[in-house]
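Q: Letter by letter, the chains look like this.
Protein chains: 2
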Amino acid sequence: MVSTLPEIGFCGLGAMGGGMARHLVKSGFCVKGYDLYSPLIDRLVAAGGKAAASPADAATNVDFLILMVVNNVQADAVLFDPKRGAVPALRDNGVIILCSTTPPKYLFELRAHLDVVRPDVRLLDCPVSGGSIRAANGELSIFSAGADEDFKCSQAVLEALAGPLYRIPGGISMGSVAKMCHQHQAATNIIMASEAMGLAAVAGLNTMAVYEQICKSNGRSWMFENRGPHMLANDWLTVHSAVSIILKDNTIVTNHAKEVGFPLVLENTAEQLYITGTHAGFTKEDDAGLVRLYLPSDKKDLVGQLTKSVTTGAGDADIAVETIIDLFAGVHLASARECMSFAKHVGMDLIVLEDIINKGAGASAMFEIAVPQMISSGTLSLKSVKEAVEVRDKLELAIRKAEKLHQPVPMAAAALQQIYYDMAA
Amino acid sequence: MVSTLPEIGFCGLGAMGGGMARHLVKSGFCVKGYDLYSPLIDRLVAAGGKAAASPADAATNVDFLILMVVNNVQADAVLFDPKRGAVPALRDNGVIILCSTTPPKYLFELRAHLDVVRPDVRLLDCPVSGGSIRAANGELSIFSAGADEDFKCSQAVLEALAGPLYRIPGGISMGSVAKMCHQHQAATNIIMASEAMGLAAVAGLNTMAVYEQICKSNGRSWMFENRGPHMLANDWLTVHSAVSIILKDNTIVTNHAKEVGFPLVLENTAEQLYITGTHAGFTKEDDAGLVRLYLPSDKKDLVGQLTKSVTTGAGDADIAVETIIDLFAGVHLASARECMSFAKHVGMDLIVLEDIINKGAGASAMFEIAVPQMISSGTLSLKSVKEAVEVRDKLELAIRKAEKLHQPVPMAAAALQQIYYDMAA
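Chains as they are written, first to last, in this note's numbering: chain A, 1 to 425; chain B, 1 to 425.
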């Protein structure tokens with residue numbers, strides 16, 4: 001049986017791209033894949049795809065060229081390498097679908113480069129979110145920006161890959177802006193999972209029971225629910241998402257904010273903690289392993305914390321599961337405010353972003369509670385959030401309890417200061 | 001009388017460069033100066049210098065070309081502009097003395113560029129520190145790196161400009177590394193001056209009396225002594241050093257640290273506060289005006305705080321001058337540790353750096369007390385500093401008092417967390 005669906009070239013067959021390409025094959029598309037690491041090509045072929053010998057080969061005789069490489073440097077190499085690059089091989093009016101996470105301004109640089117060498121080639125800005133499992137199941141969040149006619153002709157391909165398929169107005173770069181704003185929440189929430197579980201462990205709480213209770217509380221986040229089990233398994237070497245990946249995505253956010261002169265205290269604090277993890281040698285390990293930054297040097301795992309109570313911690317700090325919930329809630333509240341203020345500054349539609357985050361990996365209970373109140377007030381201030389004073393006061397108390405153990409909670413400490421700034425303004 | 005001293009071309013006659021060039025004239029050198037803003041050239045001429053019509057003109061028939069432009073982008077323009085650039089005009093084996101603060105790696109880029117177009121031209125890496133008054137008096141700290149023979153032939157010129165003239169080993173870029181490490185202390189201490197005085201004012205203390213007592217205490221720093229009077233005068237528009245300058249220098253530190261994968265939590269927190277100041281519209285004003293970030297919106301100056309006590313603050317927070325001292329001491333201690341650990345990581349000689357900072361604008365009482373203990377322990381850990389536990393405990397208490405007023409102290413909060421990390425490691 002010959003497929004009647006469009007033919008697709010696919011460059012970048014890693015944890016995300018490999019699953020996406022195989023899912024396209026499963027969905028009936030003819031997919032020709034390329035990766036620098038040839039076993040990844042073999043895996044696509046075993047799933048029914050075709051092997052491409054180079055990016056140029058992947059781009060030959062296809063309707064769409066999808067890029068899921070690590071960053072914009074790799075994208076440039078795939079597209080413009082003088083000998084093996086994809087762009088010269090593309091059909092007239094061929095469509096490039098860039099799914100990699102890149103700085104928003106890269107889309108303009110890429111378009112300008114194409115305009116010189118191949119002005120006929122079309123470009124869609126389509127970063128994704130959701131992780132490798134949703135990638136393999138065709139259930140990614142996709143943030144699609146670009147010309148309407150380019151989107152329409154690509155819609156069948158994007159729908160095959162997407163759970164929620166967002167159409168972001170404003171032209172290319174705004175898809176990457178949406179991803180960047182979402183990534184702000186992902187980055188603060190990932191490290192916060194380590195900070196809070198580190199405190200729970202050091203306080204001697206039953207970390208498994210804490211995990212379960214947090215997931216039902218106002219301290220919950222998508223990232224904590226997702227990373228918690230890896231932490232509790234003390235399994236840092238099975239890499240679901242490496243420290244290097246969240247650091248790379250985080251750096252896109254902090255660099256963009258610096259370029260537009262916007263302060264992001266929490267996001268930069270998170271970035272420094274990822275760099276602390278890198279400096280400690282964790283770069284290629286799973287980001288759940290960052291919990292080790294918060295554990296004493298003689299105890300670099302969470303094992304052995306499974307039998308104790310969740311209501312009475314060690315020492316006189318009186319730490320209980322409620323303390324951990326309060327720490328999460330305070331940071332998620334401050335982070336939600338920082339994210340939405342930044343999003344407004346960079347011209348992102350706040351209602352669309354709220355929906356993206358609530359349905360995506362950046363979700364948290366406090367974001368869901370606070371953001372509607374912030375948006376409807378028109379100011380985005382925490383003063384418009386009726387729970388804010390209580391969350392702030394509980395965060396103060398939780399930090400004080402961590403202090404009694406001399407246990408670092410840098411995200412919580414930074415969040416409290418930002419809440420003071422915001423509520424005084 | 002004809003001068004027998006070498007002739008000097010000078011590009012960049014602003015707050016720093018103008019004073020340096022005029023001081024060279026006063027010292028007997030023949031100086032030909034250029035600036036984009038011609039009144040600055042007129043001022044040099046009025047002081048006995050000569051006017052150059054372009055960077056190329058400034059470089060013609062001189063023995064040394066000194067650059068004191070704002071950054072590496074301006075340095076490239078001055079040196080390599082195709083029509084007016086200085087490099088083609090330089091004599092055989094001419095010497096460029098780069099006094100601007102640039103990223104350390106720029107020195108390598110500049111040398112590589114020179115090697116292509118003028119390999120005979122010699123380059124000294126000579127960033128300075130000390131501010132415009134010391135510049136005009138020939139009393140700058142100069143961090144000189146480069147080949148010994150280039151240094152020797154330039155020594156008379158450098159000595160005319162310098163108070164302490166440091167010879168930094170390791171070749172070009174290491175002068176800029178020394179300046180970068182010094183700037184770490186400058187950047188954390190400048191914003192800390194605002195944070196602490198903001199708390200004093202909000203607590204209702206007599207800010208003038210607080211200033212005087214801090215300057216005699218273990219909370220003192222060169223930057224606070226220098227910036228305090230501007231703050232107390234509520235005079236942000238007389239610009240001694242603009243927010244844009246410290247933000248630029250700070251960014252050199254944070255970018256370099258990211259490139260080498262080293263965490264600098266305090267320096268990045270400081271940078272976010274400078275960006276907060278930029279976002280508030282203070283970019284071109286004096287950095288002492290950042291104290292306004294810490295004042296309530298109905299009270300954007302320190303006037304009216306001169307008649308109250310230094311021992312009893314407002315409300316029930318029990319804030320006194322000792323609280324402010326403790327806040328300073330805690331941040332300076334954590335910052336000293338961060339600075340020295342970074343310096344070690346980038347290969348800076350720690351003994352030389354200690355001397356530079358103690359004699360420079362990055363000086364503080366806690367740096368002076370703690371760093372000898374850190375160095376002699378070999379670990380640089382705060383556990384080697386006998387005052388550390390007391391400073392930490394007092395910092396905790398000071399932060400708690402600020403909390404009662406809901407007054408943000410983000411540097412102090414970040415510092416305390418870093419002290420916990422360091423002392424647990």
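Hints in this document: simulated from the structure, not taken from any laboratory. Treat the hints with caution; some may be incorrect.
[Claimed, not checked] Derived lysine to aspartate or glutamate pairs resembling EDC-like cross-links, with alpha carbons at most 20 Å apart:
no., chain 1, residue 1, chain 2, residue 2
1, A, K404, B, D393
2, B, K404, A, E259
3, B, K258, A, E259
4, B, K248, A, E390
5, A, K383, B, E387
6, A, K394, B, E396
7, B, K404, A, D286
8, A, K284, A, E259
9, A, K383, A, D393
10, A, K404, B, D298
11, B, K359, B, E159
12, A, K359, A, D42
13, A, K404, B, E396
14, A, K248, A, E259
[To be verified] Listed next, with one range per pair, are the computed distances between beta-carbon atoms:
no., chain 1, residue 1, chain 2, residue 2, range
15, B, K386, A, C215, 41 to 51 Å
16, B, G171, A, E159, 34 to 44 Å
17, A, E368, B, P229, 46 to 56 Å
This one's a predicted model, so the numbers in the text were calculated from it and none came from an experiment. Built from N, CA and C at the ideal position, the CB exists for glycine as well.
Q: Look at each hint and say if it fits the structure.
A: So, going through the hints one by one against the coordinates:
1. Simply put, K404(A) and D393(B) have alpha-carbon atoms about 10 Å apart, close enough for the 20 Å limit, and the pair holds.
2. Simply put, K404(B) and E259(A) have alpha-carbon atoms about 35 Å apart, too far for the 20 Å limit, and the pair is violated.
3. As the CA atoms of K258(B) and E259(A) are separated by approximately 16 Å, the hinted pair is consistent with the 20 Å bound.
4. For the given pair, K248(B) sits about 39 Å from E390(A) by alpha-carbon distance, which is inconsistent with the 20 Å threshold.
5. With a C-alpha separation of about 41 Å, the suggested pair K383(A) and E387(B) falls outside the 20 Å cut-off, and the hint is violated.
6. For the proposed pair K394(A) and E396(B), the alpha carbon gap of about 18 Å is at most 20 Å, so the pair holds.
7. A threshold of 20 Å between alpha carbons decides the hint, and for K404(B) with D286(A) the separation of about 39 Å lies outside it, so the pair is violated.
8. For the hint pairing K284(A) with E259(A), the CA-to-CA distance comes to about 28 Å; that exceeds 20 Å, so the pair is violated.
9. Between the alpha carbons of K383(A) and D393(A) the distance comes to roughly 14 Å, so the proposed pair stays at or under 20 Å and holds.
10. Between K404(A) and D298(B) the CA atoms are separated by roughly 36 Å; this puts the pair beyond 20 Å, and the hint is violated.
11. Note on K359(B) and E159(B): the hinted pairing holds, with a Cα-Cα distance of about 17 Å set against a maximum of 20 Å.
12. About 34 Å separates the Cα atoms of K359(A) and D42(A), which puts this hinted pair outside 20 Å; it is violated.
13. Restraint check for K404(A) and E396(B): satisfied, since their Cα atoms lie roughly 10 Å apart, inside the 20 Å limit.
14. Between K248(A) and E259(A), the direct Cα distance comes to roughly 17 Å. Compliance with the 20 Å bound is thereby established for this hinted pair.
15. Checked against the given bound of 41 to 51 Å, the beta carbons of K386(B) and C215(A), roughly 45 Å apart, stay inside it.
16. For the hinted restraint 34 to 44 Å between G171(B) and E159(A), the CB-CB distance of approximately 58 Å leaves it violated.
17. Evaluation of the 46 to 56 Å hint for E368(A) and P229(B) yields a pass: the beta carbon distance comes to about 49 Å.
Hints 2, 4, 5, 7, 8, 10, 12, 16, counting from the list given before, are not met by this structure.
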